[in-house]
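Trainee: So the sequence lines, in the order shown, correspond to chains A and B. Taken in order, the first sequence gives residues 1 to 113; the numbers are from the working numbering. Taken in order, the second sequence gives residues 1 to 110; the numbers are from the working numbering.
Just so you know, not all the hints are guaranteed correct.
To be verified - Result set (DSS-like, lysine-lysine): computed pairs, CA atoms no more than 25 Å apart in a straight line:
no. : chain 1 : residue 1 : chain 2 : residue 2
1   : A       : 57        : B       : 97
2   : B       : 70        : B       : 56
3   : B       : 70        : B       : 109
4   : B       : 59        : A       : 57
5   : B       : 59        : B       : 109
6   : B       : 109       : B       : 51
7   : B       : 36        : B       : 56
8   : B       : 109       : B       : 97
9   : A       : 57        : B       : 36
Hints listed in this document are in silico derivations from the structure and should not be mistaken for laboratory results. In this text the structure is predicted, and so the values were computed from the model without any measurement.
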Amino acid sequence: KAGVTQTPRYLIKTRGQQVTLSCSPISGHRSVSWYQQTPGQGLQFLFEYFSETQRNKGNFPGRFSGRQFSNSRSEMNVSTLELGDSALYLCASTRDSSTGELFFGEGSRLTVL
Amino acid sequence: GQQVMQIPQYQHVQEGEDFTTYCNSSTTLSNIQWYKQRPGGHPVFLIQLVKSGEVKKQKRLTFQFGEAKKNSSLHITATQTTDVGTYFCAGQNQGGKLIFGQGTELSVKP
């Protein structure tokens with residue numbers, strides 16, 4: 001079956017712009033989590049959605065937001081981009097809870113100039 | 001807030017040598033997971049440990065969960081070039097949030 005799909009794979013933005021990233025989980029998976037990966041900070045948890053509700057949230061500013069649709073697809077949005085937002089944004093899905101194996105997508109690599 | 005510390009950050013070994021990476025949590029965990037990320041790839045799940053003192057093996061990989069459920073280790077026996085990558089532990093707290101360690105980047109010299 002198809003894995004977790006993230007779009008776009010690469011994008012370049014300038015400071016002050018906003019960006020929306022998309023994640024399609026594995027079919028049947030209802031939990032979607034988002035992580036930011038940078039060389040110095042590792043994998044930082046952004047938020048987790050389950051059945052269209054945010055279930056957990058990391059320590060990121062309000063510029064970072066997300067949502068989940070009824071088909072479990074998820075989007076995350078970053079507004080007023082800063083240089084430090086340059087990172088690989090990874091989406092991961094699980095079947096019905098956050099206690100099991102995470103299946104990661106290939107990620108969306110964002111560069112902010 | 002909860003932290004999961006992982007050491008070492010880098011490890012360079014000669015092929016055939018053993019390798020160990022350690023994780024320590026500031027709080028008791030409900031479970032711990034391990035992932036491997038190959039260069040340019042995405043993290044791939046290896047295993048989940050749930051019970052206090054649990055030890056699991058996958059071929060040359062041995063995973064341990066501490067008695068207090070606050071620390072864990074991954075040991076690779078006789079490393080091979082295919083073991084190259086970054087190994088992450090991820091601890092799940094009582095609230096369900098999964099916190100990743102910073103990862104250990106393993107390089108193997110043939």
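Trainee: Output the indices of the hints that this structure fails to meet, ascending.
Mentor: 3, 4, 6 and 8
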